[in-house]
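S.K.: Sequence:
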Amino acid sequence: MIITYYGSEFIKLQAGDTVLAFNPVAKESTFRSYRFGADIVLVSVNNPDFNGVDNLIYKDKKPFVVSGPGEYEKNSIFIKGFLTKVIYKGKSYINTIYLVKFDHIKICHLGILNSVDQLTNDIKEEINGTDILFAPIEGEDVLDQDEMNRTSISIGAKITIPIYHNASSKKELDALVKKIGNGVSVAEKLTIKKSDFSDKEGEVVILTTPSL
131 MIITYYGSEF
141 IKLQAGDTVL
151 AFNPVAKEST
161 FRSYRFGADI
171 VLVSVNNPDF
181 NGVDNLIYKD
191 KKPFVVSGPG
201 EYEKNSIFIK
211 GFLTKVIYKG
221 KSYINTIYLV
231 KFDHIKICHL
241 GILNSVDQLT
251 NDIKEEINGT
261 DILFAPIEGE
271 DVLDQDEMNR
281 TSISIGAKIT
291 IPIYHNASSK
301 KELDALVKKI
311 GNGVSVAEKL
321 TIKKSDFSDK
331 EGEVVILTTP
341 SL
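The numbering of the sequence shown is the working numbering, which starts it at 131 and goes up by one.
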């Protein structure tokens, strides 16, 4: 699996010819948008910063779209969405936390979670033992570094990838690495397979955006 970060909460996962994307940025957003074809698109919040599905309709790919809580299955990819209520830019939204089994890897994307306290015991039980956790940090409406670390530890995430940080320069990236602490690695992309997780525990990987 190859993991690429495009800013905001926009993540691309690719295994073979199959492409899955979380929270693509729409043209109307102030964040930069990108265009490519996806097979499955998951949208956590109905806001242009996260719902740019049209940008991922490209060539022969017209994605299967999931935009709320529930259980879904497409092409042997299993998806479960959990409802949380959040505030984003001063407005109330439904936020969907997604748990995905893709390429034999257990993946959790927290969406625009405001606080670790919004994770109920039921949600924690479901996402426990996650291989990869996408956790929003640095913004006014999302988790701080301590909450990200608490969440990662509480569910036993093997790798945590911070999102929403939008570090757009080397200076900002260096500041983010320093703030999170020791043991952080930085990469343009993350290429990983299920067997790689056997010796992973509590790692943090910051992915740079293509423009950095």
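Honestly, I wouldn't trust all of these hints.
[To be verified] Restraint-style ranges between C-beta atoms, simulated for each label pair:
#1 Lys309 - Phe194: 15 to 25 Å
#2 Lys300 - Thr160: 17 to 27 Å
#3 Ala305 - Asp190: 20 to 30 Å
[Said to hold, decoys possible] Taking lysine-lysine and the BS3-like style, the derived pairs with C-alpha atoms no more than 27 Å apart in a straight line are:
#4 Lys192 - Lys254
#5 Lys192 - Lys210
#6 Lys191 - Lys254
#7 Lys219 - Lys254
#8 Lys301 - Lys236
#9 Lys300 - Lys210
#10 Lys204 - Lys221
Note that these hints are calculated values from the structure, not bench results. Note that the coordinates shown come from a computational prediction; the quantities given were computed from them, not determined experimentally. Ideal Cβ positions, reconstructed from N, Cα and C, are used throughout, including at glycine.
S.K.: All the hints need checking, so say for each whether the structure fits it.
M.R.: Checked hints:
{"no.": "1", "hint": "Lys309 - Phe194: 15 to 25 Å", "verdict": "37 Å, violated"}
{"no.": "2", "hint": "Lys300 - Thr160: 17 to 27 Å", "verdict": "22 Å, holds"}
{"no.": "3", "hint": "Ala305 - Asp190: 20 to 30 Å", "verdict": "42 Å, violated"}
{"no.": "4", "hint": "Lys192 - Lys254", "verdict": "32 Å, violated"}
{"no.": "5", "hint": "Lys192 - Lys210", "verdict": "21 Å, holds"}
{"no.": "6", "hint": "Lys191 - Lys254", "verdict": "34 Å, violated"}
{"no.": "7", "hint": "Lys219 - Lys254", "verdict": "26 Å, holds"}
{"no.": "8", "hint": "Lys301 - Lys236", "verdict": "32 Å, violated"}
{"no.": "9", "hint": "Lys300 - Lys210", "verdict": "36 Å, violated"}
{"no.": "10", "hint": "Lys204 - Lys221", "verdict": "32 Å, violated"}
Violation of the numbered hints given earlier is confined to hints 1, 3, 4, 6, 8, 9 and 10; the remaining hints are satisfied by the structure.
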